[in-house]
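Undergrad: If you want the building blocks of each chain, they are given just below.
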Amino acid sequence: SQTIHQWPATLVQPVGSPLSLECTVEGTSNPNLYWYRQAAGRGLQLLFYSVGIGQISSEVPQNLSASRPQDRQFILSSKKLLLSDSGFYLCAWNTAGAGGRGGYTFGSGTRLTVV
Amino acid sequence: AQSVTQLDSQVPVFEEAPVELRCNYSSSVSVYLFWYVQYPNQGLQLLLKYLSGSTLVKGINGFEAEFNKSQTSFHLRKPSVHISDTAEYFCAVSPSNDYKLSFGAGTTVTVRA
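From first to last, the protein sequence lines stand for chains L and G.
Mapping of the first sequence onto the numbering used here: position 45 corresponds to residue 152, and the numbering continues sequentially without gaps.
Mapping of the second sequence onto the numbering used here: position 14 corresponds to residue 15, and the numbering continues sequentially without gaps.
Honestly, the hints are just simulated from the structure, not real lab data.
A few of these clues could be false.
To be verified - FRET-style restraints, in silico, Cβ to Cβ:
#1 E129/L x S71/G: 43 to 49 Å
#2 N62/G x S127/L: 34 to 40 Å
#3 S85/G x L189/L: 33 to 39 Å
#4 G134/L x A114/G: 36 to 42 Å
#5 A146/L x L8/G: 20 to 26 Å
#6 G123/L x S53/G: 49 to 55 Å
#7 I160/L x Q46/G: 26 to 32 Å
#8 V167/L x V30/G: 21 to 27 Å
#9 R113/G x S191/L: 31 to 37 Å
#10 N42/G x N170/L: 20 to 26 Å
#11 S124/L x E21/G: 43 to 49 Å
#12 S215/L x T6/G: 36 to 42 Å
#13 R113/G x A116/L: 39 to 45 Å
#14 G161/L x S10/G: 36 to 42 Å
Where a beta carbon is used, it is the ideal one built from N, C-alpha and C, also for glycine.
Just chain L, with the same shape it has in the complex (with noise of 0.2 Å):
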């Protein structure tokens, strides 16, 4: 059965220092894989997608970066956290070639607060 992984589950950073969030995917090959993040009341917003190896798609103008060094593996990085990137990360992956009928398969995500 496929999984999904993501961790560290909580993150407390000093603002200006580096972020490395991971996920990574089992029992699937090729899937799409996307960054989310929840802000206090403001819902879903899609950070980056990637449809294969070193494949990134950024939705949003930000601080952050994302990579996709192997199949199922996906990273959210920044060099110098702000304090406005605080919030719930969530990594999600779907079968490629399955259109959107499948839906998202959610990673349990990160709390990240920047102090």
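Please build the complex by placing chain G on the supplied structure of chain L, with the hints as guidance.
TA: Quick look at chain G alone, frame taken from chain L:
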């Protein structure tokens, strides 16, 4: 492009009472529709989805939703809620010719005894 509007940001409800969460969408192509639930500090979990066929869709935890193409709606209902249904609920739409989902802003359901 698609858009999703969840008409209620917060819905308070008493235990064992019915609840309806409203969702409207707009799209120039046919769509797939989804409802997700998010418990505090957790990821989103799929409640149910409409792909085609019967417009009444049944999901997990006693939830159901009805697709109304003429009104472009996909409202979620549960006849009797429990305290454990307290959560945030998201409606989402995907065009049938694409793989990305668009999400509504979410509805927070608070169930009180």
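Undergrad: Now look at each hint and say whether the structure bears it out.
TA: Do the hints match the structure? See the list:
Separated by about 45 Å at the C-beta atoms, E129/L and S71/G satisfy the suggested range of 43 to 49 Å. Remark: the range hint 34 to 40 Å for N62/G to S127/L is upheld by a beta-carbon distance near 35 Å. Separated by about 37 Å at the C-beta atoms, S85/G and L189/L satisfy the suggested range of 33 to 39 Å. Take G134/L and A114/G: their Cβ atoms lie about 40 Å apart, and the range 36 to 42 Å holds.
Taking 20 to 26 Å as the suggested C-beta distance range, the pair A146/L and L8/G conforms, at roughly 22 Å. Distance hint check for G123/L and S53/G: the Cβ-Cβ separation is about 51 Å, which falls inside the suggested range of 49 to 55 Å. The supplied range of 26 to 32 Å is met by I160/L and Q46/G, whose beta-carbon atoms lie about 28 Å from each other. The hint said 21 to 27 Å for the Cβ distance between V167/L and V30/G, and at roughly 24 Å that hint holds.
The given range of 31 to 37 Å is respected by R113/G and S191/L, whose C-beta atoms sit roughly 34 Å from each other. A hinted range of 20 to 26 Å for the beta carbons of N42/G and N170/L is consistent with their spacing of about 23 Å. Checking the proposed 43 to 49 Å range against S124/L and E21/G shows it holds: the Cβ atoms sit about 45 Å from each other. Between S215/L and T6/G, the C-beta spacing of about 28 Å breaks the proposed range 36 to 42 Å.
Distance hint check for R113/G and A116/L: the Cβ-Cβ separation is about 29 Å, which falls outside the suggested range of 39 to 45 Å. At roughly 39 Å, the beta carbons of G161/L and S10/G sit within the given window of 36 to 42 Å.
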